[in-house]
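Spelled out, the chains give:
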Amino acid sequence: MKKYFFYLAAALGPILLLSGCGDQNGKASSNGALASNNAEKVYVAPGEHDEFYAFMSGGYSGNVTVYGLPSGRMFKEIPVFSQFPTNGYGYSEETKPMLETSFGFIPADDSHHPDISQTNGELDGRWLFINGNNTPRIARIDLKTFETAEIIEVPNSAGNHSSSYITENSEYVVAGTRFSVPIPQRDMPIKDYKGNFKGALSFISVEPETGRMDIKFQLIMPGFNYDLSHPGRGKSHGWFFFTTYNTEEANSLLEVNASQNDKDFIAAVNWKKIEEYVNNGGGTMVPANYTHNVYSDETHSATSTMKKEVLTVDPTKVPGAIFFMPTPKSPHGVDVSPSGDYIIGNGKLSADLTVFSFDKMIAAIEGKKFDGEAYGLPILKFEDVLGGTVKSGGLGPLHTEFDGKGNAYTTFFISSEVVKWKLDTWEVIDRKPTFYSVGHCMIPGGNSRKPFGKYLVSLNKITKDRYLPTGPELEHSAQLYDISGDKMELIYDFPTHGEPHYAAAIPASILAPKSQKIYKLAENENPYATKNVADARVVRNGNEVHVYMAMIRSHFTPDNIEGIKVGDKVYFHITNHEQDFDVPHGFMMIGQQNSGLLIMPGQTKTSVWEPKQEGVWPFYCTDFCSALHQEMQGYVRVSPASSNLDLSWSLGE
Amino acid sequence: MKKASIIMFVGSICLLGLFAFPLWNIMLGAPQYPDPLGMNIHITGIQGVSEFDLQNIDGLNHYIGMKTIPKADEMWEFNVFPSVIIGMVILGVLISILGFFGKVDYRYFLGWFVLMSILGVMGMYDFNLWLTDYGSNLDPHAIIRVINDDGTPMTYKPPLLGYKKLLNFDVSSMPSAGAWFMFVGMMLTVVAFFVGWKSKKSL
Chain A
0 MKKYFFYLAA ALGPILLLSG CGDQNGKASS NGALASNNAE KVYVAPGEHD
50 EFYAFMSGGY SGNVTVYGLP SGRMFKEIPV FSQFPTNGYG YSEETKPMLE
100 TSFGFIPADD SHHPDISQTN GELDGRWLFI NGNNTPRIAR IDLKTFETAE
150 IIEVPNSAGN HSSSYITENS EYVVAGTRFS VPIPQRDMPI KDYKGNFKGA
200 LSFISVEPET GRMDIKFQLI MPGFNYDLSH PGRGKSHGWF FFTTYNTEEA
250 NSLLEVNASQ NDKDFIAAVN WKKIEEYVNN GGGTMVPANY THNVYSDETH
300 SATSTMKKEV LTVDPTKVPG AIFFMPTPKS PHGVDVSPSG DYIIGNGKLS
350 ADLTVFSFDK MIAAIEGKKF DGEAYGLPIL KFEDVLGGTV KSGGLGPLHT
400 EFDGKGNAYT TFFISSEVVK WKLDTWEVID RKPTFYSVGH CMIPGGNSRK
450 PFGKYLVSLN KITKDRYLPT GPELEHSAQL YDISGDKMEL IYDFPTHGEP
500 HYAAAIPASI LAPKSQKIYK LAENENPYAT KNVADARVVR NGNEVHVYMA
550 MIRSHFTPDN IEGIKVGDKV YFHITNHEQD FDVPHGFMMI GQQNSGLLIM
600 PGQTKTSVWE PKQEGVWPFY CTDFCSALHQ EMQGYVRVSP ASSNLDLSWS
650 LGE
Chain B
0 MKKASIIMFV GSICLLGLFA FPLWNIMLGA PQYPDPLGMN IHITGIQGVS
50 EFDLQNIDGL NHYIGMKTIP KADEMWEFNV FPSVIIGMVI LGVLISILGF
100 FGKVDYRYFL GWFVLMSILG VMGMYDFNLW LTDYGSNLDP HAIIRVINDD
150 GTPMTYKPPL LGYKKLLNFD VSSMPSAGAW FMFVGMMLTV VAFFVGWKSK
200 KSL
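Respectively, the protein sequence lines represent chains A and B. In this text, residue positions in the first sequence follow numbering that gives the first Met the number 0: the first is 0, and each later residue adds one. In this text, residue positions in the second sequence follow numbering that gives the first Met the number 0: the first is 0, and each later residue adds one.
Calculated directly from the structure, the hints in this document are not laboratory data. Heads up, some of the hints might be wrong.
Unchecked claim - Subject to a maximum C-alpha distance of 25 Å in a straight line, what follows is the list of computed PhoX-like cross-link-like pairs (lysine-lysine):
(1) Lys486(A) - Lys40(A)
(2) Lys419(A) - Lys380(A)
(3) Lys163(B) - Lys102(B)
(4) Lys519(A) - Lys70(B)
(5) Lys1(B) - Lys102(B)
(6) Lys530(A) - Lys66(B)
(7) Lys530(A) - Lys70(B)
(8) Lys419(A) - Lys367(A)
(9) Lys156(B) - Lys66(B)
If we strip away everything but chain A, and leave its shape as in the complex, we get (with noise of 0.2 Å):
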């Protein structure tokens, strides 16, 4: 197909090229190889900035990257489920608890759906949401800082999937399980699944002021797997939606053994009922075992704290709080457009979008009108809920975003396609192929009450033949199209780091202005600070030495430390003395077993070495600082392990 239109191209470039010269008012030509204003629409000159930043998770890198759009120029890697060398992020002593869970230290995790902050529905900006899919977490991102703040561990959970999406004011972030378990977690034959797995959907609370997270309630519903999920909006802000696929509660080979069902469901959850519920003093307290872990910027380190308990509700004892709408053919996305009133469940192994109507689902719940019940549960009348079908042409669907001007975008996996449509007449206005098999699309806000209409960025899962080859393993590609016009045009792709799954964007001119350029030294309140170079220092505590060292353009203080011994262990806590913008220092030590470290302007890092050699073995600054960042060097004096040498340390002498 791709060989095909190369050909057609060059046959038809000459023609298209001199047709052009004699039409300067000419519209461009929408076919992309020859349409040299989308190389302008993505340009931006050097020294300019980008319209908007987009955040892309991971996958199984376990970080976010943030690119700039249009110019799919990435800005930063921010580690959140993974270790990152670069800054020392979970190898330092200060960042290690972060990665701290019940099963012990995981540095590791699959980052899928990132969820920016909102206020009224709207793109605020202060945190994104993370969710890792492995070992259940759910990450703040503080966006000022670009750092990780918080994660918290979510228990009876597995495969944290229908994840982590926001409430239209932040009151909750939802960490939905995957695969369902056995709650509490025991030892039982996996052929006994049915009616006795069960699936937690989890309810964080985001605290306004701090975005200080807390699992509120968790949701104990029949054993499915809950895939995605979206908040209502507008009028349907205080309910939350689910896919789900294996109703079927199949245990081996799913691909068939789940895909039985003509229809599967549409969990409509009235969280509002729910929080008045548990409000009331409803739900059980049960043991669990789960870590929070928070980062200070003031102490630049974070703390992991293990809770031993997890609110939890029996969906059947809040009546009216959860219905089931059946959707055809295992539906994987499930989004809701900006003004609330349609919920899109997209039946991954159906040609048609199947769209519910919020009206009709509340007239029918207040009519009764059930079509059974699943555990306890109603399930709503399909043609009841209805709102229309989408005869889309494509094979597939997985995602939908949302422009704000009344149409919607869905993602087609199978036939490889954006299919642009529109809202309440549900008829296909556009389509465009991607490049290959894309999975979810983004467009800056898209989700929320207020999208930015102007970009879609298309995440594809098949890369080959985009770029050059680099061996068996190639970074995923993004595709942007510019879809300010009736048809979409695609403009740009570029490659991605990890496998991005989801991705969120929001305006630059919203984030850039609160962008934090430096910590101050004043406010570093870390306990191993060294705020003043007088108080530079090397400590000895049995056979730990603790050395307190600054670091300016272009020395450490100290310099020379002469004193330690093998099978000493030695924590280096490094002050940045700096506080002007983006002049980092870097701290390496011959022979250091973990990372290096990369310390910001007023922060304090920790990192550990042990001497295994007698000797005098260097450290160096690690990133170039200023003219005479070479000469920012200093040695350790290593003597034997028997030996009286008193410690002393020194600078200039």
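Could you slot chain B onto chain A? The hints should help.
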């Protein structure tokens, strides 16, 4: 003469602007400092334009062996200048009041202006001396020593007024709001003199 006295009064009061606004402003921009570093010279001391500018200027200047920017208590000027300005304001107000009641004539207004001008020139001269010392009295162990074409060591004196290129820095030095208050105030005292002179002549 009443009108002239009022103008004289307003003119001398204008000097108080020096307590609210900086007298002078020096900005240092460079490719790696797209947002320039800057210092505001108040009559009571030197302040950074942004919170950490002074620290960052000192940090950069240590490479070329310049002294750190003096704190308010490290220069006698920052004690004396405010007293001198207060003194001149009081004197000006006194003269204007006496003029208003006909106790002194308009020539005192010019006298005040001349005295203020002399003090101003002396102040500028002193300021220039300080800039010269700051920019040329360098640590002999400085990390970076640049030699001019004529074999003399390069100095880093910021311009008293206007623009100068110092290594990679574009340095501009301009009067700031306080100076404009002073300038306008002094001009008003000259106006007061002419108004007084005219009213005398018309009598």
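Right, here's what the structure says about each hint:
1. Of the pairs offered as hints, the one joining Lys486(A) and Lys40(A) holds, with about 15 Å between alpha carbons and a cut-off of 25 Å not exceeded.
2. Under the criterion of a C-alpha separation no larger than 25 Å, the hint pairing Lys419(A) with Lys380(A) is inconsistent with the structure, at around 28 Å.
3. Simply put, Lys163(B) and Lys102(B) have alpha-carbon atoms about 50 Å apart, too far for the 25 Å limit, and the pair is violated.
4. Taking the CA atoms of Lys519(A) and Lys70(B), the gap is near 21 Å; set against the 25 Å cutoff, the hint holds.
5. About 11 Å separates the Cα atoms of Lys1(B) and Lys102(B), which keeps this hinted pair within 25 Å; it holds.
6. Between Lys530(A) and Lys66(B) the alpha-carbon distance is near 22 Å, which keeps this suggested pair within the 25 Å criterion.
7. With a CA separation close to 20 Å, the supplied pair Lys530(A) and Lys70(B) stays within the 25 Å bound.
8. A C-alpha spacing of about 35 Å is found between Lys419(A) and Lys367(A), which places the hinted pair above 25 Å, so the restraint is violated.
9. This hinted pair checks out: Lys156(B) and Lys66(B) have alpha carbons roughly 12 Å apart, not beyond 25 Å.
Hints 2, 3 and 8 from the list above are not met by this structure, while the remaining hints are.
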